[in-house]
Structure formats: C-alpha cells, structure tokens
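Residue numbers (my numbering), protein chains in the order written: chain P, 1 to 242; chain W, 1 to 129.
These aren't lab readings, by the way, just hints derived from the structure by calculation.
Check the hints yourself; a few may be wrong.
Claimed, not checked - Quick list of simulated restraints, FRET-style, between CB atoms:
(1) P:K81 with W:L56: 28 to 38 angstroms
(2) P:R232 with W:A106: 30 to 40 angstroms
(3) W:K66 with P:R89: 24 to 34 angstroms
(4) P:K60 with W:W47: 37 to 47 angstroms
(5) W:A106 with P:N234: 15 to 25 angstroms
(6) P:V225 with W:K37: 37 to 47 angstroms
(7) P:D118 with W:D61: 16 to 26 angstroms
(8) W:D70 with P:R228: 36 to 46 angstroms
(9) W:K66 with P:G241: 13 to 23 angstroms
(10) P:I141 with W:K66: 40 to 50 angstroms
(11) W:K72 with P:K94: 49 to 59 angstroms
(12) P:T80 with W:R86: 36 to 46 angstroms
(13) W:A106 with P:G78: 37 to 47 angstroms
What the hints assert, rightly or not - No farther apart than 25 angstroms at their CA atoms in a straight line, the calculated lysine-lysine pairs in the PhoX-like style are these:
(14) W:K57 with W:K10
(15) P:K127 with W:K50
(16) W:K57 with P:K127
(17) P:K173 with P:K81
(18) W:K32 with P:K173
Stated by the list, open to error - Per the computed footprint, the stretches of chain W lying under chain P, defined by three or more beta-carbons under 8 angstroms from a beta-carbon of chain P, are:
(19) 53–64
(20) 105–116
Even for Gly, the Cβ is constructed at its ideal location relative to N, Cα and C.
Each chain, letter by letter, is given below.
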Amino acid sequence: MTRECQITGIDTRRRSFLKTSLGAAAVAIAPGMLLLDTAHGQSVSGKVRWGMLIDTAQCKAGCNECVTACNRENGLSGETKPTDSQWIRKVELKDVGSGHELSLPMMCQHCEHPPCVDVCPTTASFKRADGIVLVDKHRCIGCRYCMMACPYKARSFVHEPLHDQNPDVPRGKGTVEACTFCVHRVDQGQQPACAEACPNKAILFGDLNDPESEIAKKVRSVASVQVRVDLRLNPGIRYQGL
Amino acid sequence: MGVELGNIIKAILFSLLFYVVPIWAAEHNAPKLDIGKGGQCVEEPQWMRKNHMHLLKHQRDETVRKGIRDEKLNLKNCIECHASTRDDSVIARDDSFCVACHRFEAVKIDCFECHSGKRKSAWLQRNAK
Numbered sequence: 001m002t003r004e005c006q007i008t009g010i011d012t013r014r015r016s017f018l019k020t021s022l023g024a025a026a027v028a029i030a031p032g033m034l035l036l037d038t039a040h041g042q043s044v045s046g047k048v049r050w051g052m053l054i055d056t057a058q059c060k061a062g063c064n065e066c067v068t069a070c071n072r073e074n075g076l077s078g079e080t081k082p083t084d085s086q087w088i089r090k091v092e093l094k095d096v097g098s099g100h101e102l103s104l105p106m107m108c109q110h111c112e113h114p115p116c117v118d119v120c121p122t123t124a125s126f127k128r129a130d131g132i133v134l135v136d137k138h139r140c141i142g143c144r145y146c147m148m149a150c151p152y153k154a155r156s157f158v159h160e161p162l163h164d165q166n167p168d169v170p171r172g173k174g175t176v177e178a179c180t181f182c183v184h185r186v187d188q189g190q191q192p193a194c195a196e197a198c199p200n201k202a203i204l205f206g207d208l209n210d211p212e213s214e215i216a217k218k219v220r221s222v223a224s225v226q227v228r229v230d231l232r233l234n235p236g237i238r239y240q241g242l
Numbered sequence: 001m002g003v004e005l006g007n008i009i010k011a012i013l014f015s016l017l018f019y020v021v022p023i024w025a026a027e028h029n030a031p032k033l034d035i036g037k038g039g040q041c042v043e044e045p046q047w048m049r050k051n052h053m054h055l056l057k058h059q060r061d062e063t064v065r066k067g068i069r070d071e072k073l074n075l076k077n078c079i080e081c082h083a084s085t086r087d088d089s090v091i092a093r094d095d096s097f098c099v100a101c102h103r104f105e106a107v108k109i110d111c112f113e114c115h116s117g118k119r120k121s122a123w124l125q126r127n128a129k
C-alpha cells in the first residue's frame with residue numbers, strides 16, 4: 001500500500017513536469033499558428049454581381065481598342081496564332097438575308113452557372129462571390145477540360161514560358177487563363193481596361209444587383225440579350241442590339 | 001509551492017533546448033543575400049525565415065478566391081522592399097533575396113514562373129508609355 005502510494009506520487013510529479021514542458025513548448029510555437037488566424041481582410045461580397053452591357057450600335061467595325069487595352073493591361077502578346085492567348089476578340093457578324101452587319105467584343109461571359117467550373121477536376125476554375133469567374137493558377141493542372149466545356153471559346157492555354165509579367169497579373173506556362181474582368185482593377189474600384197479604353201463607351205461595366213447602378217438601370221430600360229441564352233448559364237455580359 | 005516553481009523553471013529550460021540551438025546554428029551558416037531595403041515588417045527575421053511560406057500560401061488563397069488583398073502579407077509588397085536596389089529583382093542573381101536562401105536550402109520555388117520577381121514601381125516606370 002505504501003509502495004503504491006510512492007509510485008503514484010512520483011508518477012504525478014513526472015506527469016505534471018511533462019505537462020508544464022509541453023505547455024512552455026506550445027507557447028513557443030503558438031505565435032506562428034495564431035498569426036495565420038489574425039490575417040483577415042474584407043472578402044468580396046456576394047451581394048454584388050459584376051456584369052457588362054455591350055451596345056453593339058456603338059461598337060465600330062475595325063476598331064480594336066478594347067482588345068489592345070486588354071493585351072496591354074494583362075501582358076498578352078496580341079498575336080492570334082492558335083497557341084496565343086486571347087482574352088477578348090472582336091467578332092464581325094453579317095446577316096446574309098438582310099446584309100445587316102454587326103461588330104462586337106466577345107470574352108469570358110462570367111456565367112452564373114459556369115460549365116468551366118463544373119468540369120474542373122481540381123476546383124481551380126471557380127466563381128468568386130461577386131460573380132467573376134477565374135482560374136486559380138495555383139491549382140490549375142493544365143488539363144484544359146474547361147476550354148472544351150466553355151461554349152464561348154473564351155479560355156486560352158499558355159503554351160510557352162513567360163517573362164516580365166505585369167506584377168498585378170500573374171500568368172504562366174501550363175495553366176489556362178481567360179478574361180478576369182480585370183479583377184485587380186475592379187477590387188480597387190476601377191473599371192476593366194476594355195471598358196475604360198472604348199472610344200465610343202460601348203462597354204458599360206457595373207453591378208447588376210444594385211438597382212441604382214447605371215448598368216442595372218439601362219438593362220431595365222433597353223432590350224438586351226445574352227449569347228446562347230438557351231444554355232441557361234445566365235452570363236453576366238449582355239448585348240444590346242444583337 | 002517551491003517544488004512547483006522549480007519544476008516550471010526546469011520545464012522552461014528543458015523546452016528551450018528544442019529551439020534555441022538551431023537559431024545559433026542558423027546565424028553562423030546563413031547565406032549572404034542582397035536584402036534590398038530590409039527591416040522588420042511582419043515578424044522578426046528568424047520567424048519569417050521559418051514561416052514565410054505558410055503566410056504566402058495562406059494569403060494567396062485568400063486573395064485569389066475571396067478577393068482579400070491584405071497589403072502587408074501580399075507577395076507584391078514583400079518584393080517592393082526586398083528586391084535588390086541594384087536590379088529591382090528578388091530572383092535575378094545568385095545572391096538575390098529569394099534565390100540565395102532557396103539555393104542554399106535546395107528548395108525549388110515556382111512562384112516566379114507566373115509572378116513577377118520585379119518591384120512593381122520599377123515595372124510601372126519602365127512600362128509607362
């Protein structure tokens with residue numbers, strides 16, 4: 001009985017010693033872990049839905065200002081070979097019956113239900129809370145399923161190593177990329193480069209969900225359509241006069 | 001009570017063994033690097049040497065996926081100070097800020113296959129046409 005008591009006494013002392021050392025060690029390591037939790041900012045709001053309204057009557061055939069601005073902003077080469085990245089293209093349409101011609105810019109339509117996000121095996125392709133569809137290049141494995149899934153042919157694959165990227169727009173070989181609505185500018189309250197560059201103000205960018213915004217008012221008052229509305233993807237880009 | 005206190009002191013000394021020794025060792029063998037403007041910004045240097053990758057990895061997901069652009073923990077902001085004052089880069093030379101340690105530790109970084117290793121202010125100056 002006495003012996004048992006002695007052993008228990010030693011045991012308790014040893015146990016408390018180990019506990020205290022572990023505690024001290026935890027205090028030494030903990031600041032690192034805690035710091036990760038304190039690094040919080042404001043995450044983008046799901047109440048916002050960024051979108052564009054493109055007025056085809058104002059978009060002039062042969063004008064390429066939006067494409068040039070996009071290339072400059074995002075560091076694209078501007079070439080149009082099959083292996084070159086194109087985030088925005090000018091499309092010329094002609095109705096053979098009437099001879100009516102149209103010119104309009106086509107880019108990622110920032111769908112509410114993006115097929116590119118559905119098919120991505122690594123969830124690299126994702127839709128931000130504010131409706132901007134992006135590629136998380138940290139996760140992209142370059143399989144290009146999203147490029148096949150996109151009905152608008154909006155995405156490009158980077159085939160060659162790149163150098164001297166814009167510090168705001170990281171791009172690299174082996175990943176898929178597309179129009180980001182110039183997310184780095186939008187997050188700072190600026191307009192996308194194409195909207196800013198258009199000489200005829202044919203591209204109106206704004207928050208579709210804010211009833212007081214210019215774009216929401218115009219979408220309410222004029223007739224506009226989404227491309228391939230039959231797919232029911234609810235794109236964020238609408239065309240007026242198409 | 002006296003025994004308790006003794007135990008606590010012993011425990012602290014005991015736990016010290018695990019992390020004080022590597023700090024001394026690191027100071028002697030550390031590679032010489034072009035630290036740019038330098039100075040403490042987020043945490044003290046030894047802590048940053050050990051943990052910067054966790055901060056960067058955490059911050060990149062916050063920024064890309066949630067749009068949280070924390071100025072302080074942003075890679076661009078790190079480069080803004082730590083890029084060499086000679087060539088405005090953290091990767092251009094063998095003693096550049098990122099390269100020197102990563103070469104010494106034989107850890108490959110792929111950040112700069114996509115990200116610019118140049119100071120943004122310098123990039124803007126060069127590309128302002």
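Checked hints:
no.	hint	verdict
1	P:K81 with W:L56: 28 to 38 angstroms	35 angstroms, holds
2	P:R232 with W:A106: 30 to 40 angstroms	52 angstroms, violated
3	W:K66 with P:R89: 24 to 34 angstroms	30 angstroms, holds
4	P:K60 with W:W47: 37 to 47 angstroms	57 angstroms, violated
5	W:A106 with P:N234: 15 to 25 angstroms	50 angstroms, violated
6	P:V225 with W:K37: 37 to 47 angstroms	53 angstroms, violated
7	P:D118 with W:D61: 16 to 26 angstroms	21 angstroms, holds
8	W:D70 with P:R228: 36 to 46 angstroms	38 angstroms, holds
9	W:K66 with P:G241: 13 to 23 angstroms	36 angstroms, violated
10	P:I141 with W:K66: 40 to 50 angstroms	22 angstroms, violated
11	W:K72 with P:K94: 49 to 59 angstroms	54 angstroms, holds
12	P:T80 with W:R86: 36 to 46 angstroms	38 angstroms, holds
13	W:A106 with P:G78: 37 to 47 angstroms	39 angstroms, holds
14	W:K57 with W:K10	37 angstroms, violated
15	P:K127 with W:K50	33 angstroms, violated
16	W:K57 with P:K127	20 angstroms, holds
17	P:K173 with P:K81	16 angstroms, holds
18	W:K32 with P:K173	31 angstroms, violated
19	53–64	holds (count 8)
20	105–116	holds (count 4)
Of the numbered hints stated above, those contradicted by the structure are hints 2, 4, 5, 6, 9, 10, 14, 15 and 18, listed in ascending order.
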